[in-house]
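For chain Y, the structure is supplied; the task is to place chains Z, C and L with the ligands on it using the hints.
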Amino acid sequence: MRPDLSVNIAGIRLKNPVLAASGTFGYGTEYADLVDINRLGGLVTKAITLEPREGSPPPRTVETAAGMLNAIGLANVGVDAFIKEKMPLLHKFNTAVIVNVAGSTIAEYVEVVRRLDGCQGIDGLEINISCPNVKQGGFLFGSDPQTAAKVIGETRKVTSLPLIAKLTPNVTDIVSIARATEEAGADAISLINTLLGMTINVETKRPKLANVTGGLSGPAIKPVALVMVWKVAGAVKVPVVGIGGILSGKDALEFLLTGASVVQVGTGNFVDPQCMMKIIHGLEQYCQEKGIAKISEIVGTLEVEK
Amino acid sequence: MRPDLSVNIAGIRLKNPVLAASGTFGYGTEYADLVDINRLGGLVTKAITLEPREGSPPPRTVETAAGMLNAIGLANVGVDAFIKEKMPLLHKFNTAVIVNVAGSTIAEYVEVVRRLDGCQGIDGLEINISCPNVKQGGFLFGSDPQTAAKVIGETRKVTSLPLIAKLTPNVTDIVSIARATEEAGADAISLINTLLGMTINVETKRPKLANVTGGLSGPAIKPVALVMVWKVAGAVKVPVVGIGGILSGKDALEFLLTGASVVQVGTGNFVDPQCMMKIIHGLEQYCQEKGIAKISEIVGTLEVEK
Amino acid sequence: MSVVQKQGKILSNLEVAPSIFLLNLGLPQVAETAQPGQFVHLRIGPLSDPLLRRPFSIHRTKPEEAKVSILYQVVGRGTKLLSQRCSGEKLDCLGPLGRGFAIPKVAGQFILVAGGIGIAPLIFLAETLLRKMGNGKWEVEKEKRKKMEVVFLMGAASTEYILPESELLSWGAAVEVATDDGSKGHRGPVTDLLTRQMDRSVASCHIFACGPEGMLKEVAQIAGQQKIPCQICLEQRMACGVGACLGCVVKTRSGYRRVCVDGPVFPAGEVIFE
Amino acid sequence: MSVVQKQGKILSNLEVAPSIFLLNLGLPQVAETAQPGQFVHLRIGPLSDPLLRRPFSIHRTKPEEAKVSILYQVVGRGTKLLSQRCSGEKLDCLGPLGRGFAIPKVAGQFILVAGGIGIAPLIFLAETLLRKMGNGKWEVEKEKRKKMEVVFLMGAASTEYILPESELLSWGAAVEVATDDGSKGHRGPVTDLLTRQMDRSVASCHIFACGPEGMLKEVAQIAGQQKIPCQICLEQRMACGVGACLGCVVKTRSGYRRVCVDGPVFPAGEVIFE
Ligand SMILES: Cc1cc2nc3c(=O)[nH]c(=O)nc-3n(C[C@H](O)[C@H](O)[C@H](O)COP(=O)(O)OP(=O)(O)OC[C@H]3O[C@@H](n4cnc5c(N)ncnc54)[C@H](O)[C@@H]3O)c2cc1C
Ligand SMILES: Cc1cc2nc3c(=O)[nH]c(=O)nc-3n(C[C@H](O)[C@H](O)[C@H](O)COP(=O)(O)OP(=O)(O)OC[C@H]3O[C@@H](n4cnc5c(N)ncnc54)[C@H](O)[C@@H]3O)c2cc1C
Ligand SMILES: Cc1cc2nc3c(=O)[nH]c(=O)nc-3n(C[C@H](O)[C@H](O)[C@H](O)COP(=O)(O)O)c2cc1C
Ligand SMILES: Cc1cc2nc3c(=O)[nH]c(=O)nc-3n(C[C@H](O)[C@H](O)[C@H](O)COP(=O)(O)O)c2cc1C
Ligand code: FES
Ligand code: FES
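Residue numbers (the working numbering), protein chains in the order written: chain Y, 154 to 459; chain Z, 154 to 459; chain C, 3 to 276; chain L, 3 to 276.
Chain Y extracted, bound-state conformation (with noise of 0.2 Å):
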């Protein structure tokens, strides 16, 4: 018997827990050719706010120990340019979409979900406020229980679409932001993004980034991830997105045991396109294997003795 991947999160039904990360999977179409689209359970866009914007110069990514730093800086098309250009084109995928918004100004965030709002085929909105790369870009309202619930509550105002809030680690108490923006209406709550970072060329002795620090993502960070759903998880209702590290099967089930309802793959895409294939087989398997029938009976299963 095959088991059941599917799960229901915020409202949005997925064919299995397992959705590509913002900012690592384009717009949907950049790994067409390499991934079967379609077999996801979702994908996050790259972020939209409301003018296109450029992005930081150039050098942007940095490889450093089982993980990498990114100054990207928010490049993207602007709101409107995505609705008309992009949208269409993901809107032919047969798999849930969910638009990452960022924006310097409550204001911002406000009028880019408005215009989301009405457009076809968006599954759910994933709230940024969690980017450490553009000063005000959202990494100032996710540092603050207040803020965060502020800009999720405005926000919700303006949509019924169903929204997560993308919580950053980088912060002392993680829960009273979580349960903040709980509170303020989110339906669900992503975490984590990146670790802020730096890296030095000791030849030159400048920054390796042009943006000086970036944000650490991948294998290395995969721990501190843990320990945020977990303690995310144990302390609010919504369901929590589970992010960081995750490259394999038994990274996805890491996530799930420790309370994450489904799991997003961002810097595994670039090391192996066929990452997210072989978690969403690595998960079948164990289900199998364990005789589990539904794949969300094993969310937040870990046992811990007290």
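Incorrect hints may appear among the rest.
[As the list claims (entries may be wrong)] Below, in silico cross-link-like pairs of lysine-lysine (DSSO-like), each with a Cα-Cα straight-line distance of 30 Å or less: (1) C:K82 to L:K8; (2) C:K69 to C:K107; (3) L:K92 to Z:K431; (4) L:K69 to Z:K431; (5) Y:K358 to C:K219; (6) L:K69 to C:K11; (7) L:K253 to Z:K358; (8) Z:K358 to Y:K447; (9) L:K8 to Z:K168; (10) C:K82 to Z:K431; (11) C:K92 to L:K82; (12) Y:K431 to Z:K168; (13) C:K253 to Y:K361; (14) Z:K431 to L:K11; (15) Y:K443 to Y:K431; (16) L:K253 to Z:K361; (17) Z:K403 to C:K82; (18) C:K11 to Y:K431; (19) Y:K403 to L:K82; (20) C:K219 to Z:K443.
None of these hints come from the bench; they were simulated from the model.
Just chains Z, C and L with the ligands, lined up with the frame of chain Y:
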């Protein structure tokens, strides 16, 4: 001409800017067969508490991608046994000895510092307000500027030894905590301690560490450590001690350029006991190649375009 | 011409000059469809260090042997590890990626300028151009035909880095060499050869260049002054290699463009050098 | 007998049973001074994944050939990578580490109980005991001498994992085998053989055991009931291997003790099994 690697930090004169980090070099003697301790800039002991502590149950360590998690739990012999049994052996080495201090209450920190104050052979104290593995073990003290300042201020009153505040990276705003400890009388600031993390065995559905969560160290965290050193070095007047994922001379140089006056090596010692010797050699070589007479000249000389 | 992800078998991986390796991979689909200037994105090892793939130009293809060749220089951890991989092992490859050189519709004099390891994609290009000429695929008036020519200007640190000269000659290219130390050919930068060539240049002339950024900037300048069409092959740090991460951008007159899909070959006049 | 860090040359690294490898290393100082039960701590590769060293018991030494052997099972990433390292390459080794088996002052019947890959250190021990007996190094009264004996109880999943039996026999050990699937010897756990052996056991008898935790627990119980001295060789996840990190502790009657320096061999009665 041989470059001058010596540095003065917080009133402590060091042969070179390379120290062994707390908890990774035992009480100094464990590596004596393998490392010429007298060639080190200095060494920091395992955290010392008032009473002896057994520490956490095993397993206490687990490898992660380019890093490791530890949950040792402040296992130590207690301050009195340390003074009686360990210090006499440490005192024999011709290197700076810094004692790492931890406690469950501010009163405990103060009492440990008071007892160490009289002890011969101690060059400085590192006040660990950042251990993630014991609920009452410092983590909370380091998460908030007021409490951090309180610990430093109170311990400052009972000793004339140089005091180094060791900070946790698991905070929203490291600069505010660094500044608070500086104002409270810290002579230097060490960062970073470990990032909080966890990892799961998906077969047993249990955390791999008995303590559930642990502290992440090693190359994986280097980018995070660097950005915190960069921020803090730019914001305080006291010297900064750079720690986190340093395994090579190049790694150490990244920290020095970014603003650390000296560095500590932790996990690197496990990977390669010759690590610190190689780093010292690497610094020497770099200075020679670049015609740098004194290593301290390069501290904070990172070129950042604005 | 779609991109594939395949396990390519290492047919050989040999040091052909100091720290320069020639890697032959069994990759039928890529060998079949690749165009000069395109690249492959290789996963060096299965573990998480090194984590990211590394991009390498396609140096040669032999579709009839299902073979793709890479010419690479050991410059860091990834290329070091790659140089230690053995025949018979497999490498995870993505390719062919990127937009290669645009082959002009009308023939003429093709000047290829290679600096150091930048020679890698230009051999594939030279071979393609020369084969096309041999086939008489270009329709040119008779009197112009004698002016059709591939001139290969090759710059390197010293003589031991000048690799496929005899092969190029045998295909019918004109080859000139410049070395930094003067151990072979002209002593000085390869752009000296280009400047000299400009004096002899004919009406319908095209420049194609690959090499270090400084060299490309100068080539672009020379071509600009002479108003000669020029295509340059760029490098940038890459994560995805397929246009999804927006990591590999270069500044152009039409804003930041992605080297991996909008390039790696760009019209020289488009690129804004810092 | 101090610990050294040396680049050991891989003399050979061969699969001797399914997923079990025998690694021979050129390590003169370690070969010279190692005692049975001690271990080496190996760095598997130069990159940061895998990061930490891996501990392996010393399986044999040949000081005259400067050789140290390791018998290891591929169970994860580190051991997989180790199995791919080739002859002629070097491995960074720390050793010899830990407190090995305490060889009793008075001879008698030595019962060695190995479960699975736990056989690795016991071969070194058997060889050492038998050599010492052969040398007549133990001063025993004549009538006791005939009772001196090494009994090697070997447990494994199935027959193909039973490796050095003939060699043990040739040295003069008594060997008994138990397999999980009954493909050789007794069908069942090796502890069955130990229980049986207890009925025939003689006055001055010692047990030495290495294997999975469940087996060691049972061996410790049997030894405790019979009041026979018993030493067991433990495993724990290790970081430093030299006593500095306090990571590798095991619960004992005198609190947590470090497996790497206080062990890996402990008196069975000391250890508190969960
Ligand atoms: C489209 C394209 C085609 C290329 N073709 C070839 C080729 O045919 N032959 C060849 O030898 N090299 C080629 N390169 C460069 C090659 O990708 C890098 O040399 C390689 O990735 C370095 O990896 P490393 O781990 O050894 O170096 P690292 O240790 O990662 O870095 C060492 C040095 O290499 C540079 N570098 C690292 N990554 C890249 C990158 N992605 N692009 C450019 N520079 C980088 C760094 O700036 C650094 O100075 C190409 C690059 C691109 C983008
Ligand atoms: C003193 C000592 C002596 C040992 N002697 C031998 C020996 O002679 N032959 C042999 O095959 N193995 C021996 N081991 C076990 C060996 O160290 C582990 O099998 C090895 O480290 C696993 O590495 P890995 O990367 O392949 O596995 P990982 O991918 O790290 O993990 C796979 C499995 O191995 C276990 N494991 C991982 N690290 C250790 C560790 N440090 N100690 C114990 N288990 C671990 C984990 O629990 C996990 O189930 C010994 C261990 C110790 C502590
Ligand atoms: C190149 C790159 C671009 C990213 N862009 C975005 C973005 O636009 N919006 C966002 O919310 N997260 C962005 N992220 C963060 C990822 O979605 C993800 O949260 C993070 O990378 C951790 O997951 P990983 O370790 O699987 O990569 C980006 C990450 C990378 C590597
Ligand atoms: C096993 C282990 C034990 C540690 N114990 C302590 C400790 O007692 N006190 C302390 O301040 N830091 C302790 N640390 C943190 C290190 O001193 C250091 O801050 C951290 O490991 C980051 O550096 P690294 O990446 O070089 O290991 C410990 C780290 C490890 C790995
Ligand atoms: S490498 Fe990702 S867009 Fe070019
Ligand atoms: S492994 Fe570090 S104390 Fe044993």
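These are the hints, each one checked on the structure:
1. C:K82 to L:K8: holds, 23 Å
2. C:K69 to C:K107: Holds. K69 of chain C to K107 of chain C sits at ~28 Å (cutoff 30 Å).
3. L:K92 to Z:K431: Within the cut-off at roughly 19 Å; holds.
4. L:K69 to Z:K431: Cα-Cα ~28 Å, so holds.
5. Y:K358 to C:K219: holds, 24 Å
6. L:K69 to C:K11: violated, 36 Å
7. L:K253 to Z:K358: Cα-Cα ~23 Å, so holds.
8. Z:K358 to Y:K447: Answer holds: K358 of chain Z to K447 of chain Y is near 17 Å, not above 30 Å.
9. L:K8 to Z:K168: OK: K8 of chain L and K168 of chain Z at ~27 Å, within 30 Å.
10. C:K82 to Z:K431: holds, 21 Å
11. C:K92 to L:K82: holds, 16 Å
12. Y:K431 to Z:K168: violated, 52 Å
13. C:K253 to Y:K361: holds, 17 Å
14. Z:K431 to L:K11: holds, 21 Å
15. Y:K443 to Y:K431: OK: K443 of chain Y and K431 of chain Y at ~18 Å, within 30 Å.
16. L:K253 to Z:K361: holds, 17 Å
17. Z:K403 to C:K82: OK: K403 of chain Z and K82 of chain C at ~18 Å, within 30 Å.
18. C:K11 to Y:K431: holds, 21 Å
19. Y:K403 to L:K82: holds, 18 Å
20. C:K219 to Z:K443: holds, 28 Å
This entry does not satisfy hints 6 and 12, going by the numbered hints stated previously.
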